[in-house]
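Asker: Protein chains in written order, with this note's numbering: chain E, 1 to 259; chain P, 1 to 356.
Honestly, the hints are just simulated from the structure, not real lab data.
Among the clues, some could well be false.
Straight-line distance between alpha carbons at most 30 Å, and here's what the computed DSBU-like set of lysine-lysine pairs gives [as the list claims (entries may be wrong)]: (1) LYS326(P) <-> LYS224(P); (2) LYS208(E) <-> LYS150(E); (3) LYS23(E) <-> LYS245(P); (4) LYS211(E) <-> LYS224(P); (5) LYS211(E) <-> LYS227(E); (6) LYS16(E) <-> LYS259(E); (7) LYS352(P) <-> LYS208(E).
Some but not every residue of chain P turned toward chain E, in silico, with C-beta under 7 Å [said to hold, decoys possible]: (8) GLY68; (9) THR72; (10) LEU215; (11) ASP216.
A few chain P residues facing chain E, derived, Cβ under 10 Å [claimed, not checked]: (12) SER214; (13) ALA299; (14) ASN300.
Every residue, glycine too, gets a C-beta built ideally from N, C-alpha and C.
What follows is each chain in one-letter form.
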Amino acid sequence: MEVKDIIKEENLVFKKTGLLTDKILSYCPGCGHGVAHRIVMEVIEEMGIAEDTIGIAPVGCSVLAYEFMNIDMQQVPHGRAPATATGIKRCWPDKFVFTYQGDGDLAAIGTSETIHACNRGENITIIFINNGIYGMTGGQMAPTTLPGMKSSTTPYGRDVELMGNPIKMTELVAHLPGTYYISRQAVHTPLSVRRAKKAIQKAFETQKQNKGLSFVEIVSNCNSGWKMTPIQANKWMEENMFPFYPLGDIKVDGKIIDK
Amino acid sequence: MGETRLMKGNEAIAEAAIRAGCDAYFGYPITPQSEIIEYLASQEPHKRTGMVLLQAESELGAINMVYGAAGTGKKAMTSSSSPGISLMQEGLSYMAGSELPCLVVNIVRGGPGLGTIQPSQADYFQATKGGGHGDYKLIVLAPASVQEMSDFVPLAFDLAFKYRNPVMILSDGVIGQMMEKVELFDQMPRATEFDQTWVTTGKTADRERNIHSSLDLDPARFEKHNHHLQEKYKKIIENEVRFEKIQCDDADYVLVAYGSSSRICQKTQKLAREKGIKAGLLRPITLFPFPYEEIEKLANHVKGFLAVELSAGQMVEDVELAVGKKTRIEFYGRIGGMIPTPTEILTVLEEKYLGG
C-alpha cells in the first residue's frame, strides 16, 4: 500500500482547520507557537464565530500571526495590543476580539496596556505565550526569564540582584476585578494541548457572555533561544518553568482558586 | 442658520465631534486641552449619538485604541497637547503606514520637554514633517478661530477617509482656550455602512479577509508600498491646499502666519494699512499640504515677507522653500509660551523693511 492509497477521505482522522492558512509557519521547528495558533483557530471554528472575530498580532515572534490565522487581523505596535483590542471592542461590542502576545510584548513594554485593559474589564481575550526569552531578536532576557537562566543579555544567568525578578503577570492580573477567567497552560504534550484548548474555549465563552476579560497564558519553549533541542527544551521547561509558572486555572467565574 | 453659541475652542471641537458623527473618542487629559474630554463626558455622547468615549491609561493607550477603532472603519479621534502628541507618534506612524483614517487634535503648548502650559506653535515640524519614524505625512489643518475649530472637524474626517490617512488639527492654547461665537452645524448621522474592502469587522463569506499591517519583510514589495504612499501624498498636495489671503494683491509686504499668530497678524496688517504701509496677510490653512505655489506667486511682486510664529522659526523654512531667492524673507517669533502683540509685530515689520 502506498501513501496516496492511505490519503483518502474515509481514512482521515485529523484535518487542519480552514482558519489556518497554508502559508509555511515562520516558527522554529519544535516551537509551541504553531500548536497555540492551531488550537486558538480551532476554538474559533468550532464556536462558529470566525465571521465576527478580529485578532491582534503583536511584535515579537508572532508578529506575522496574521499570515497564518485566516481571519481579519490587525498588527499593532509593541505592547499595545490590549489597547487596540479595546478600541475595536468598544466600537463593536458584539464582535469577538482577541490578542495574541508574547512575554516581551505583554509583560514588559505593554505592561500598562495589559493591566489597564484587565482592570477595566474589557470583554476581550488575551492569549499570552510565555517562553521566558526574547525569541525574535535573538534570545535576550525577557521580563519572565527565570532567576539564573541564561540569555544573550544574561550570559552568566539572570542575577536578580542586578536585573530584577521575573514577573508573574498572570497571577498579577488575576487580582484585578475586571478579569473573569484566568488560566495557565502548556502545549508540549497531547494532554497539555487538550487542556490548553479547553481553557481557550472557556476564554472565548467568557467573552461571549460579556463577563469580563479572559486571559490564557501558555508556558512554551524556545529551543532556539534556550540553545537546546526541542526535546531537551520541553524537559527543561517541565523541570524549571513549570515550578515557577505552575499550570492550571487561576481564576474561574471571577473567583481566584485557592490552592 | 445653525445654532449659535459662545464656546471655548476646545469645547467647539468636542461638540463638533459629536455632531460630525464621530464614533469614538479615546484620550488622556493634558493641559491646555482637557476641556475636550471633559465637555464630551458632560454631554454623555453614548446617549446623544451612541458615540464611544473612553479615558485611556495613557496617550499610548489612546492612540492605539484609535488605531483599533479606525481599522474597523469607525470615525475615531483623540486629542492631546505637545508632550502627549510626542507619545502618540509611534501610533501615528503605524496608522499612516497601514493607511487608516483618524483625527488627532494637538492643542500645542510650549516645549521642549514638559515645557509650559502656555500656547506655542513649536510643533509645526513634528506635525508637518513626519513626527514619527518613516516616510509619511499627516494632513494638517490649522484653525484660526473657534468657528474653524468646529468647522474643521467634519472636514478632517472627510479628508481622513478620502485619503485613508491620519489628519491632525494643529491648534494651540490660544484658540483652544479662548471663547468666541460659533455657529454649529446640524447633527450628522453616524456611519452605518463600512467599506468591506478594507475594514476588520470579521471576515464574512462574501469577501477576502482584511489585514491591517505596516510590516513587510520583502524590501522590493515594501518599496512599492512606500511609492504608493508617496503617490497619495502627491495627490493630497495637488488637491487639498487651503489658505486665506487678505489684501495681498497690491501688497508690498506680506505677513505669513497660521493659527493664533494669523489672528494677531490680522490686526497688525490693519494697523499697517492705517499707517499707509501696503501690508497683506497670507494664512496657510493646510500646513501639509503647504501653499508653496501661492507664496511663490506673491514673491514675484512683493518687496518682502515677514513670517510670524510662536516658535523659533519652523514654518518660515517652508516660506523660504517657496520664495527661494526671489525676494526677502524675515522672521519674527516669540517662544516658550510668550505671545506678541499686534503693535510689536508692526514695529518688527517697520524695523526690518522700512528702517524703523
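Asker: Each hint should be assessed against the structure and marked as holding or not.
Answerer: Evaluation of the provided hints:
In summary, the hint linking LYS326(P) to LYS224(P) is not supported, as the alpha carbons are separated by about 37 Å, beyond the 30 Å threshold. Proximity of LYS208(E) to LYS150(E) is assessed by CA-CA distance (about 41 Å); at most 30 Å being required, the pair is judged violated. Proximity of LYS23(E) to LYS245(P) is assessed by CA-CA distance (about 57 Å); at most 30 Å being required, the pair is judged violated. For the hint linking LYS211(E) to LYS224(P), the alpha-carbon distance of about 45 Å lies beyond 30 Å, and the restraint is violated.
About 41 Å separates the Cα atoms of LYS211(E) and LYS227(E), which puts this hinted pair outside 30 Å; it is violated. With a CA separation close to 37 Å, the supplied pair LYS16(E) and LYS259(E) exceeds the 30 Å bound. A hinted pair counts as satisfied when its Cα atoms are at most 30 Å apart, and LYS352(P) with LYS208(E) does not qualify at roughly 70 Å. Contact between GLY68(P) and chain E, as hinted, is supported at the beta carbon level, the nearest pair being about 3 Å apart and thus within 7 Å.
Below 7 Å, beta-carbon pairs count as interface contacts, and THR72(P) has one with chain E at about 6 Å; its hint therefore holds. Checking LEU215(P) against chain E: minimum C-beta separation of about 6 Å stays under 7 Å; hint holds. Hint status for ASP216(P) relative to chain E: violated, with the closest Cβ pair at about 10 Å, above 7 Å. At a threshold of 10 Å, the smallest CB-CB gap from SER214(P) to chain E is about 7 Å, leaving the interface hint in force.
Taking 10 Å as the C-beta cut-off, the interface hint given for ALA299(P) is violated, the closest approach to chain E being about 42 Å. The interface hint given for ASN300(P) is broken, as the beta carbon of that residue sits about 46 Å from the closest beta carbon of chain E, more than 10 Å.
Violated hints, in rising order: 1, 2, 3, 4, 5, 6, 7, 11, 13 and 14; the structure is consistent with all others.
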